[in-house]
Amino acid sequence: TPETRTSSGPGGPAGGARPPRQRSPRRRFFRFFWPLLAALFIGGVAGVAVAAAIHMPQVGSLSEMTPSLVTQFYDRHGQVFATFARERRMMLKEGEIPPIVQQALLASEDSNFFQHGGIDALGIMRAAITDIRHGKIVEGASTISMQLARSLYLSRERTWRRKIEEAVMAVILESRFEKADIMNAYINEIYLGQDGRRAVHGFGLASQFYFGKPLTELALHEIALMVAIVRGPSYYDPRRQPQRALERRNL
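Oh and the sequence shown: position 106 is 106 in the working numbering, straight run, nothing missing.
To be clear, the hints were calculated from the coordinates, so they are not data collected in a lab. It is possible that part of the hints are untrue.
Ranges between beta-carbon positions, derived for each pair [unchecked claim]:
{"#": "1", "residue 1": "Q194", "residue 2": "M125", "range": "14 to 20 Å"}
{"#": "2", "residue 1": "I42", "residue 2": "G212", "range": "28 to 34 Å"}
{"#": "3", "residue 1": "N112", "residue 2": "H77", "range": "29 to 35 Å"}
{"#": "4", "residue 1": "S175", "residue 2": "R240", "range": "37 to 43 Å"}
{"#": "5", "residue 1": "A121", "residue 2": "R244", "range": "53 to 59 Å"}
{"#": "6", "residue 1": "S111", "residue 2": "Q243", "range": "33 to 39 Å"}
{"#": "7", "residue 1": "L122", "residue 2": "H77", "range": "52 to 58 Å"}
{"#": "8", "residue 1": "R162", "residue 2": "E217", "range": "34 to 40 Å"}
{"#": "9", "residue 1": "P98", "residue 2": "I129", "range": "20 to 26 Å"}
{"#": "10", "residue 1": "T216", "residue 2": "F114", "range": "31 to 37 Å"}
{"#": "11", "residue 1": "P214", "residue 2": "A107", "range": "30 to 36 Å"}
The list that follows gives simulated cross-link-like pairs (lysine-lysine, DSS-like), each with its CA atoms no further than 25 Å apart [what the hints assert, rightly or not]:
{"#": "12", "residue 1": "K93", "residue 2": "K179"}
{"#": "13", "residue 1": "K163", "residue 2": "K179"}
{"#": "14", "residue 1": "K93", "residue 2": "K213"}
For each residue, glycine too, the CB sits at the ideal point set by N, CA and C.
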C-alpha cells in the first residue's frame, strides 16, 4: 500500500486545522464588564429594597383605619355651626358610593386594578412608552393600591426608596385585603384639594367642598371632574385652573 504523507501548508497543521485565535483585550474586558455591571445593579436594587423593608411601616386592618375626621359642633337644634380639623374627611360606606365613581377611577387611574396584584407591569410599560414619546413624564404608573399605600403610610417625597416602599406596601395590601376594601379605602382617603390650611381627603368631603352636596347627588360631569382632580389636586384645581381641570375632565 502506498504510504500516505501529510503535510502542513501555509494554512496550518494537517487536515486544515487552524490554531485558536487570540481574543482581543477589548473583547475580554467587555466579556467580564457586563456581568459585573449587571451584578452591581441587581445588588444595588436589592440593597435598597432590603433597607426599605427594614423601615417599612406596619400595615393594619383597613376596616380599623381611623384617619383624622372632621370635628363638628352642633347647636341645640341639631344644626352644625362650626367644624374643626387639620385634615378633613367624611367616611363613606360601600352603599353610599355610586358605582360610577369606581368605574371612572378605574378608567382614569388603574384600568387593570382587578387583574394585577398591586403592581401593574403593563401599566409601567405603557407609561414608559408615553413618556418617551413626549420627552417628559406625562403619565405615571402608580396603581390604586400604590396610591393608597402612599397616602396611608408614606411621605410624598420623590425618591427611589419611597417608590420601592410604595410598591412593596401595595403588594402587602393586595395580599391581605379584598379588592373592594382597597377601593373603598382609596375613595375615602385620597387627597383631593386644600381648604385653606386643611387638607380635603376622600370623595365624600370633596363633593361637599366643591359642589355643596352629597356624593350620591352629583351629576356625571361633576363626578368626572373630581376624578380628574385625583391626578393633581393643585395642578387641576377647578377654582384656580378651571380650563386645565375641564380639559382633564374631558379626556
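A quick look at each hint next to the structure:
no. : hint                    : in the structure
1   : Q194 x M125: 14 to 20 Å : violated (34 Å)
2   : I42 x G212: 28 to 34 Å  : violated (54 Å)
3   : N112 x H77: 29 to 35 Å  : violated (50 Å)
4   : S175 x R240: 37 to 43 Å : holds (40 Å)
5   : A121 x R244: 53 to 59 Å : violated (31 Å)
6   : S111 x Q243: 33 to 39 Å : violated (26 Å)
7   : L122 x H77: 52 to 58 Å  : holds (55 Å)
8   : R162 x E217: 34 to 40 Å : holds (37 Å)
9   : P98 x I129: 20 to 26 Å  : violated (33 Å)
10  : T216 x F114: 31 to 37 Å : violated (24 Å)
11  : P214 x A107: 30 to 36 Å : violated (23 Å)
12  : K93 x K179              : holds (15 Å)
13  : K163 x K179             : holds (21 Å)
14  : K93 x K213              : holds (17 Å)
When the structure is compared with the earlier hints, violations turn up for hints 1, 2, 3, 5, 6, 9, 10 and 11 and for no others.
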